[in-house]
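Peer 1: Residue numbers (the working numbering), protein chains in the order written: chain F, 50 to 685; chain H, 162 to 505.
Take the hints with a grain of salt, since some may be wrong.
[As the list claims (entries may be wrong)] Here are the simulated lysine to aspartate or glutamate pairs, EDC-like style, with alpha carbons at most 20 Å apart:
#1 H/Lys-358 - F/Glu-360
#2 H/Lys-358 - H/Asp-447
#3 F/Lys-228 - F/Glu-173
#4 H/Lys-269 - F/Glu-173
#5 F/Lys-652 - H/Asp-447
#6 F/Lys-220 - H/Glu-288
#7 H/Lys-269 - H/Glu-214
#8 F/Lys-248 - F/Glu-221
#9 F/Lys-248 - F/Asp-190
#10 F/Lys-349 - H/Glu-454
#11 H/Lys-358 - F/Glu-610
#12 F/Lys-248 - H/Glu-288
#13 F/Lys-425 - H/Glu-473
#14 H/Lys-358 - F/Glu-173
#15 H/Lys-358 - F/Asp-356
#16 F/Lys-349 - H/Glu-214
Derived from the structure by calculation, the hints contain no laboratory data.
Read off the chains here:
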Amino acid sequence: MAKRKSATPETPEAAALLPAGTGDQASPSVEQPAPSSAANYTVLARRYRPQQFTDVVGQEPVAQALVNALQSNRVAHAYLFTGARGVGKTSTARILAKALNCVRGPTPTPCGECDSCRAIATGEDTDVAEIDGASNRTIDDVREIRQNVQYRPSRSRYKIYIIDEVHMLTKEAFNALLKTLEEPPEHVKFIFATTDVHKVPITILSRCQRFDFVGINGGRIVERLREIVAQEGMAADDDALELVARRGAGSMRDAQSLLDQLLAFGGERLTVEQVHRLLGTAPADRVLALAEAALGHDPKRAIELLDDAAEAGLQLGELLDQLIDYWRDLMAAHCAGAEARNLSVVSRYRDTLIQQAKAAKLDTILAGLDVLAAAKNRLRGSTQQLIWLQASVFRLARLDDLLSVGQLVQLLGTGGTSATPVGERAASERKPAAPTSPAPVPMPRAEQRTSPAVAPLSLAPRPPTVEPRSAPAGTGPAGQAKLTVDNLEVVWPQIVAGFPLSFRTALERATPAISGPNQLVIRFPSAYNIEHKHFLELGGIDRLESLLAKAAQQKWTVKAELTDAPAGERPAATPPPAINNSSASRQQREDQALQDALVRRVKEVFRANFESVDEGFGVAPGDPARAAEGTDTEEA
Amino acid sequence: MSWQHIRGHEALVSEFAHAFRRGRLAHAYLFTGPAGVGKRLFAVELAKTLLCERAATSDPWQACDGCASCKLVAAGNHPDLAIAGRPEDANELPIQVVRDLCQTLALKSAFGRGKVAILDDADDLNEAAANSFLKTLEEPPPQSHLILVGTSAQAQLPTILSRCQLIAFRPLPDAVVRDLLRAQDVAEGTLLERVVKLANGSPGQALALADPELWDFRGALIQAIARPPLDSVALSQQWMQFIEKAGKESVNQRRRASLTLQLLLDFLHDTLRVGVGAGPRSAEADELPLLRELAGRGDPDGMLDVIERVLEAEVQVNRYVQLVLAIEALCDALGRGLQTGTAR
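Just chain F, same shape as in the assembly (with noise of 0.2 Å):
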């Protein structure tokens, strides 16, 4: 009981003090005031604060670790923990300074009663300087410390300064502080909590011993709240308190300032639907038909849906967050089937979502997991939540629809025409596709110049026997669906296309080029660094190489390089009108490039608009060699 309160009449601190579930919990501290002294309560988070170091829950390593050295006499003069929210930092923190500090100490079992350790337990010891890092942060701050550091403890062994949020300091005063904690009196011990421990300059950090407290599991958490809910002398549906536990994500005060709140809101019992109204998160049969309606590419129903949503004032924000929960349940499901773990979907609609994994492909669950982590990042800056879940989802409905590269490749290959996908894209078609034979035959392309091969555009992928492997780009066997030199240009957009938008707007400032064999290269200009490194960081060369190796059957490796060439010489996507200055102009460049069979089909199968073309396209006559590698194809 971290009772700050030297106000609150009663003394059962004491008796909360014990270590939970010793059984000598008589009265824990269950203020029962009178209705009028509602501001004298404490919340659960501080009145269960640990008060030994079995008491931390899920974080026995590092106790064991300090009772080792407590009674081994090797207590360090540094110490610094680190870790998530609520996860006993703090708590520990205060413990090791009552260990150290406890009139009957050093000792691993702090006694909670003498005046040292009560008066650790609420902040207040002369001897223990609880200091919030983040408020003071200056220099001066540490000055401060420096100063006081020399003079003795005024009754205690040890003078302690516990340092929290310690990661907020700023450079000068980190700096400051290095030879003190380097080298302080025998009578100093430092500890140091934060949350953001990257924050902290190697410098401290080498100076400390570091204890990482990890996040604490879901079973333990319900273990101690339905402790808390006993003591309190409330009662609650298990099925709520792991609800209570999985939302605390790791973190034992958030799952206590929840049950605290459903305690003060709720009725005599909690339970499930109280969590879900309380949060403002939708009952899981909501997100299942959600899920239902994006996998079964229905847009209309998924907009309805969040209407209603909205309407019964869910918190959209959390109902993305289940939404993220549920696709990546579906992956795993999709996965490991019925054996699959942690899962976060309540066990009554385990079997429908194993159904619905089983249905839905991999790709397509992936992807929606990338459509759904963006739309989480956008919605962060936005008013518009509406707006934008019911846009995520409605492309979540529409993810089919984009087809795969292979499949791409293939449609070109067997001469199937439209690219229309299942959806209903027909009914908003922007125009019939008039030019669209039913299916024509394969196309020779020798219509403009004599090739010795005149491969037919059989572009389906080939049996990896049949596979040239390493093959140079551009020498293969026509035939071979393939990336050249050629139909780089062509292909690109499309590739782009392809990624999701986080990427997309990075690899339209890239330029591609061929630089061996098998080889891409992604030239971003120098002003586009960001997107470089974002790109990288992102892992997109890795998804460039897997989507490259599913569409052209080959290994192809890619590198993305930065360049010297000013921006906006050649942005992929959207050339500006300075590339038509050419000799020919625009139109003729067009229709010249028109007569290239593989343009033709193109533009017929993706109903494709030139956005330009570039000088020089097309193959120059009396070029046999690469007309007869131009055989080559086109992905989306």
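Position chain H relative to chain F; hints supplied.
Peer 2: This is chain H only, laid out in the frame that chain F set:
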């Protein structure tokens, strides 16, 4: 008076009453919900109730509105009620505001009934400010209550969230919004109805939208979009002029920009909805043919891209990107997007 003048949040009021009577009010709350639904009003009322000296009433949950304490709260200068927020001229809530607030909270209560601190604009807490709040938020001095008022939990650090109890305010029912608008002298008629529909249950937003000039501009915007070769240069000029008419203060300009974007978004959103056969959310019946035509013109993916682009612009406007840049870039993208069906 007291709690009765909090409109549309009856469920929350009764939940708080419940917690209050059980003696389980927490010391830190984070109020979230759309802007303009009365979160701050609620917070002040809660403060009044907590601080009330209750000479007159038997029910401690109802502030008496008669004692010195209640009157001071109503007048906005109760010594035990500290209200802080983002300074007018700043984009974020600086650390100093939080420090001051924590300091006031550390002082003894003047009336002896504890202290209440309300931090408005909690969304705009900058990193240093948020961190400097953590210790006080976790273990404030005895008998103190902290209420953070923001729009969404996602805007807060996880460390802040884990210390607060989250209270989500829901949008108000349309009827309540309508009543409140009437009380604000918004004339009856189509404007009022449309505004109520668009406001998403926020009277504050509704009031801001109830500006005939805004709707005139919306008309122009939709005209421009409906006729495909979109002259993005002219449109962005027109747009900026309209925004600049909101006044010299950048806050007002930003506000207006965000409102125009919202109107545009709602229109595009309706187009998307009509495209898949769902009913429009805000458009009037006379706009339906136009929506259908637009929806039929491009494929839904193109419309999605356009919508995402506009949403992005909205985020930019909220994040203090230069207005001219945001709007011009948007117009440019719109021009291209509506032609080819995709806005990249």
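Peer 1: Indicate, hint by hint, whether the structure satisfies it.
Peer 2: Hint check results:
1. This hinted pair checks out: H/Lys-358 and F/Glu-360 have alpha carbons roughly 12 Å apart, not beyond 20 Å.
2. For a cut-off of 20 Å, the pair hint linking H/Lys-358 to H/Asp-447 stands: about 16 Å separates their Cα positions.
3. A distance of roughly 27 Å separates the Cα atoms of F/Lys-228 and F/Glu-173; the hinted pair therefore is violated under the 20 Å criterion.
4. Straight-line distance between C-alpha atoms of H/Lys-269 and F/Glu-173 comes to about 17 Å, which keeps the hinted pair within the 20 Å bound.
5. For a cut-off of 20 Å, the pair hint linking F/Lys-652 to H/Asp-447 is broken: about 37 Å separates their Cα positions.
6. Between F/Lys-220 and H/Glu-288 the CA atoms are separated by roughly 16 Å; this keeps the pair inside 20 Å, and the hint holds.
7. This hinted pair checks out: H/Lys-269 and H/Glu-214 have alpha carbons roughly 17 Å apart, not beyond 20 Å.
8. About 13 Å separates the Cα atoms of F/Lys-248 and F/Glu-221, which keeps this hinted pair within 20 Å; it holds.
9. For the hint linking F/Lys-248 to F/Asp-190, the alpha-carbon distance of about 19 Å falls within 20 Å, and the restraint holds.
10. Proposed proximity of F/Lys-349 and H/Glu-454 is supported: the alpha carbons are some 18 Å apart, at most 20 Å.
11. Distance restraint check for H/Lys-358 and F/Glu-610: the Cα-Cα separation of roughly 50 Å exceeds the 20 Å cut-off, and the hinted pair is therefore not satisfied.
12. As the CA atoms of F/Lys-248 and H/Glu-288 are separated by approximately 13 Å, the hinted pair is consistent with the 20 Å bound.
13. For the hint linking F/Lys-425 to H/Glu-473, the alpha-carbon distance of about 13 Å falls within 20 Å, and the restraint holds.
14. Straight-line distance between C-alpha atoms of H/Lys-358 and F/Glu-173 comes to about 55 Å, which puts the hinted pair past the 20 Å bound.
15. Between the alpha carbons of H/Lys-358 and F/Asp-356 the distance comes to roughly 13 Å, so the proposed pair stays at or under 20 Å and holds.
16. A hinted pair counts as satisfied when its Cα atoms are at most 20 Å apart, and F/Lys-349 with H/Glu-214 does not qualify at roughly 55 Å.
Going down the numbered hints, you'll see the structure goes against 3, 5, 11, 14, 16, while the others check out.
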